[in-house]
Amino acid sequence: VSSRATNVSTSGFLRVSHSRTHSRSINASMSRRSFSLAGDGRVLEKAPMQPARVFDENGTDVTPQPLYRPDPAAVPPRQSKILMAQDVSGATFSDFFSSAFHTTYASFGGPFTRSLFESSIVSKSSQSTMESLNEEIEEPSSKREGIISLSDVQVRREEVKEPTTEDVLNKKVDIHLTETETLCLLDIPATSVSVESEEAEIVKQRNAAYTELCKNRMGNDKYVERAMQTFNGAPKAKEVQTKSITKVDAAITATNWDIYDTLSGTGVEGASCLQKQENFSLPASSSSSRTEMEVFLVPVEDAPAPEVILYSEKFQQDLLVMEKVVLQNIFQPKLAAYRQLPILKDPDSTQKPKDTGKTEKQIQKTEDIPSSPALEPLWSFTCELTVGRNVSSMTWNKMNPDLLAVGYGHFDFEDQKSGLVCCWSLKNLKWPDRIFHCESAVTALDFSGHNGCLLAVGMHNGSIATYNVQSKEKTPITDSSEYPHKHTGPVWQVKWVSQERAHSEEEKGEALVSVSADGRICKWVLKKDLDCLVIWREVPGLCFDFHPEDSNIYLTGTEEGFIHKCSCSYNEQYLETYKEHKGPVYQITWSPFSPDVFLSCSSDWTIQLWRQDLLEPVLVFTSPCMAVFDVAWSPKWATVFGVVTEKRLEIWDLGASILDPTIVQDARPGVKLTSLQFASESDCILLGDSDGQVGVYQLNLNLGEGTQVDVLEDIIRSTLASQL
Amino acid sequence: MAEVEETLKRIQSQKGVQGIIIINAEGIPIKSTLDNSSTVQYAGLLHQLVMKTRSTVRDLDPQNDLTFLRVRSKKNEIMIAPDKDYFLIVIQNPSD
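Residue numbers (my numbering), protein chains in the order written: chain R, 308 to 1031; chain G, 26 to 121.
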């Protein structure tokens, strides 16, 4: 500690009223709070507690005003506590230096830092004197700053909110609105005073005094003009060079779907679409900006390679759809006829109307006159796969009436090619939707009623397979070829029968019944495996049909020409036997409208109409002079049924005539007809032949709206009456 | 793989089909049964048309998307199946 007797080099206005002998040692310790000037201190310092005042000779107060005057009113009360705690009065040497720092960032610290030095008064003029001292105590001050900042931090930490929980969110919070104290941000005192105010006189006097002073300044010895020269730093030019700033124009069209895409998270797609969009909106731009856009295209994912596209699954599906569309275009009039829609003529058609085609006038005429019953060919389902194969059975899908399954296979023992099942759709007339290759010729088909995707296939070698047409798989779900109890002869018919009367819950559902040449009628139930329940033995049956209302009763036709009525519950005995046919009975079918009536056809050239309570046929139709392979009732009219022989298709309408068929259609030369199917939703007939074609014909019978059940009943009654 | 070729051949052999063009997402033809100049012309024009159509459909309802586009004109019909990665275009004259 050295005593410093500093020469006070102020402007000489100081009146040092203390003696010079006394020297005061200045303690550099922090504990020093203040030091009074009144006394021996030679150091010109302004103690904050007793602000020194400087007077000139005349007694005017010319104390240099501090440049920094913290506003004591702006201190938050909290801060004073911290000040106390740290025992900082701010009135020591270090404060001056550090406060200099703080003044610079008083704006950052805000009330915190300012408050620390609220009581300090900085005197710039005296700083130079204390610099050396301050260096020593600079560090502690900085430490203190650290402490202060720590305290700030601590304070701030207390403010950290507790993690918001549900309860906190749901709690009712009171919000008080209070008016803060007025913060004075800028205060420019007025430089003009109203003439009428109280101060006016004083101000006027002062103003007058000042003007006097100014006047007296001229030529007064007290005022000396003095010139000063300032140092001007030498200016220096400095150059900086930067890389040219590349500017790029970016534009975007925000479409509705673009926003939706980005929001829903398919951002990548959105971005790439964006790029494409930008790529697209550029066609008119200059070449330079196009190169810039190409730079943008780089981050976008590359378009997949052509091979990947061409062989992708989606592409194959699209191709199939496209094929259907193209075919629909070609076959539109035929499909319209099938759906019983009016056939519209293409207004842009460049073709001249054909001779056989009717002109508009004629069409109108024919609508008025009921035309004679006719079969109009629409199209035929055929493709290169099926050419040469014998159509053995056809069945419509129960759930989707536009789906047709056709089984191809020869009936004879020689010439055994492998079998084929094709699922044709009305949407694609040229190629089947599904193709299943079977090991042996297909002889029977049926779609399940409960599960529309299940297709049961009966084959020539006695095995029965079920396929799921929904999947693209080519293999059957179940196959009975490994089954020990499988049929040993060709399966002539399969049918899904829904079991209403079930013994237990498990048996409800559907069972597959099959009749085969080995003499058994089996009921297959799909539990875990295919389980077979033999309903009948020793029946070389060719066909069967379950009663439409009672699923326990069924009819079966045999090779001997008998028709047996059997029940599932009685395994040993027939309920009835109808013996009339002289040859194997190829088909039996119950009438869909009249519950007691059924038709049977056989190779003895006859078709017979029976009523189940009579052992003699009600009607016998002998028109075809050859074996009748198939007979089917029309789903729409009770009196109409179709008959297929080897060479002819006959449509009978009992209401019109019971002796002759209403429509007769000969087969194409060289082709044998094999099977017949009516369409349920349309007036069309499907005819399968031995060349693999399934022809679709439209039936125009003009029979009116009703089902004609009463007509059928009348005919039967009158026939019976006439027989008696 | 072979199925794709078969289906393409079947479509090509249907009555009235004048051409099949497959273009990728950028409008560059991958496969075509028409001559080069027609292909390029169809590709360029139809690409823009499909983009516009798709934008329209999606603007009306962002959850919707374009699945098929048919342009019927006096002389023929252009059928376009658009996808994220490609466009399948078939030109047909059904009254041929």
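Since the hints were made in silico from the structure, they are not lab data.
One thing to keep in mind: the hints can contain errors.
If we take Cβ atoms under 7 Å as the criterion, some of the chain R residues that face chain G in the derived model are [unchecked claim]:
1) TRP738
2) ILE742
3) HIS744
For lysine-lysine, the following DSSO-like pairs were computed, each having C-alpha atoms within a straight-line distance of at most 30 Å [stated by the list, open to error]:
4) LYS779/R x LYS77/G
5) LYS830/R x LYS889/R
6) LYS56/G x LYS100/G
7) LYS34/G x LYS478/R
8) LYS781/R x LYS734/R
9) LYS545/R x LYS511/R
10) LYS781/R x LYS34/G
11) LYS109/G x LYS478/R
12) LYS109/G x LYS641/R
13) LYS77/G x LYS522/R
14) LYS56/G x LYS99/G
15) LYS56/G x LYS652/R
16) LYS641/R x LYS77/G
17) LYS979/R x LYS109/G
18) LYS737/R x LYS77/G
19) LYS631/R x LYS734/R
20) LYS99/G x LYS478/R
21) LYS830/R x LYS779/R
22) LYS109/G x LYS779/R
23) LYS479/R x LYS100/G
24) LYS652/R x LYS40/G
25) LYS99/G x LYS641/R
26) LYS100/G x LYS737/R
From a predicted model like this one, the values you see are computed outputs, not experimental measurements.
Each residue gets a CB set at the ideal place from its N, CA and C atoms; glycine is no exception.
Quick rundown of the hints versus the structure:
1. TRP738: holds (6 Å)
2. ILE742: Status violated, d = 11 Å.
3. HIS744: It is violated, given that the least Cβ distance between HIS744/R and chain G is near 15 Å, above 7 Å.
4. LYS779/R x LYS77/G: Roughly 35 Å separates the two Cα atoms, so the pair is violated.
5. LYS830/R x LYS889/R: Answer holds: LYS830/R to LYS889/R is near 28 Å, not above 30 Å.
6. LYS56/G x LYS100/G: Satisfied, since the Cα-Cα distance of roughly 24 Å is no more than 30 Å.
7. LYS34/G x LYS478/R: violated (73 Å)
8. LYS781/R x LYS734/R: holds (21 Å)
9. LYS545/R x LYS511/R: Roughly 54 Å between the alpha carbons, so the hint for LYS545/R and LYS511/R is violated.
10. LYS781/R x LYS34/G: holds (22 Å)
11. LYS109/G x LYS478/R: violated (51 Å)
12. LYS109/G x LYS641/R: Between LYS109/G and LYS641/R the Cα gap is close to 34 Å, so the pair fails against 30 Å, i.e. violated.
13. LYS77/G x LYS522/R: violated (88 Å)
14. LYS56/G x LYS99/G: holds (26 Å)
15. LYS56/G x LYS652/R: violated (34 Å)
16. LYS641/R x LYS77/G: violated (35 Å)
17. LYS979/R x LYS109/G: violated (50 Å)
18. LYS737/R x LYS77/G: violated (34 Å)
19. LYS631/R x LYS734/R: holds (6 Å)
20. LYS99/G x LYS478/R: Outside the cut-off at roughly 72 Å; violated.
21. LYS830/R x LYS779/R: holds (28 Å)
22. LYS109/G x LYS779/R: Since the Cα atoms of LYS109/G and LYS779/R sit roughly 24 Å apart, the hinted pair holds (cutoff 30 Å).
23. LYS479/R x LYS100/G: It is violated: about 75 Å lies between the C-alpha atoms, which goes past 30 Å.
24. LYS652/R x LYS40/G: holds (18 Å)
25. LYS99/G x LYS641/R: With a Cα-Cα distance of about 22 Å, the restraint between LYS99/G and LYS641/R holds, given a limit of 30 Å.
26. LYS100/G x LYS737/R: holds (24 Å)
Hints 2, 3, 4, 7, 9, 11, 12, 13, 15, 16, 17, 18, 20, 23 from the list above are not met by this structure, while the remaining hints are.
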